[in-house]
Amino acid sequence: MADSRPPGEAAAREISPARAALAVAVGWLLPGAGHAMLGRLRRAALFFVLILGSFGLGLAHDGRLALYNDKERFLTGLQLLANVGIGPADAFARRSVYGEVAYAIPQESDPTYVRRIETFRKRQRSAVSAYGTAYLWTAGLMNLLLLLDVWDIAMRRKD
Amino acid sequence: MRSHFGHLVLYSGIVAVFFAALTRRDRREQLRFGGLVWLGMAGGVLLLAYLMLPFPR
Numbered sequence: 001m002a003d004s005r006p007p008g009e010a011a012a013r014e015i016s017p018a019r020a021a022l023a024v025a026v027g028w029l030l031p032g033a034g035h036a037m038l039g040r041l042r043r044a045a046l047f048f049v050l051i052l053g054s055f056g057l058g059l060a061h062d063g064r065l066a067l068y069n070d071k072e073r074f075l076t077g078l079q080l081l082a083n084v085g086i087g088p089a090d091a092f093a094r095r096s097v098y099g100e101v102a103y104a105i106p107q108e109s110d111p112t113y114v115r116r117i118e119t120f121r122k123r124q125r126s127a128v129s130a131y132g133t134a135y136l137w138t139a140g141l142m143n144l145l146l147l148l149d150v151w152d153i154a155m156r157r158k159d
Numbered sequence: 160m161r162s163h164f165g166h167l168v169l170y171s172g173i174v175a176v177f178f179a180a181l182t183r184r185d186r187r188e189q190l191r192f193g194g195l196v197w198l199g200m201a202g203g204v205l206l207l208a209y210l211m212l213p214f215p216r
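Residue numbers (the numbering used here), protein chains in the order written: chain X, 1 to 159; chain P, 160 to 216.
Hints were generated in silico from the structure; no laboratory data involved. No false leads were mixed into what you were given.
Reference listing, derived: stretches of chain X covered by chain P, where coverage requires no fewer than 3 residues with Cβ under 8 Å from a Cβ of chain P: (1) 36-48; (2) 124-132; (3) 144-150.
We put the beta carbon where it would ideally sit given N, CA and C, even for glycine.
Please work from the sequences and hints to get the whole structure.
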């Protein structure tokens with residue numbers, strides 16, 4: 001469909017692919033920041049509150065910060081993807097929960113094995129862990145969807 | 160919070176607002192779509208729970 005806006009306005013809103021990629025990267029680093037970079041400030045603020053709110057609820061309810069497991073590569077890989085979608089906030093959460101930025105179950109011979117597994121299982125045994133996990137994974141997946149939205153806005157496929 | 164119902168309301172609220180803001184631009188459309196998503200999630204769960212009532216654990 002033809003662009004109905006005046007040519008000057010359309011040109012002014014043109015965004016280079018490099019800037020679009022930067023907006024996506026910034027959006028991953030801080031939920032909503034990609035939209036803010038493209039001038040969608042109100043939407044950016046709303047997404048920031050929703051995603052970080054969901055993430056905070058997840059942490060407060062002992063949500064599972066997935067650890068990659070060689071025996072269940074596919075499922076734990078997907079879980080990890082959902083967690084990492086939130087950006088660096090996930091790394092800070094892992095550092096606070098596991099004492100280090102851990103993404104996988106270590107070898108049994110590893111000195112951190114027992115502590116990491118016990119922390120993981122302790123959170124999993126919590127009565128509210130299932131709720132927390134849903135909030136955490138939803139936060140990550142929502143942010144991944146936002147990155148696609150940022151790309152579409154930058155490429156002028158969406159308003 | 161340990162209330163399953165409380166989490167149902169809150170979680171479906173977060174998801175509904177998110178998808179309404181993501182997929183709709185007009186304020187009235189956002190309210191309509193968000194309300195439908197929220198009702199679909201919360202109402203669907205309650206309906207499912209009601210249907211499962213004759214099958215105790």
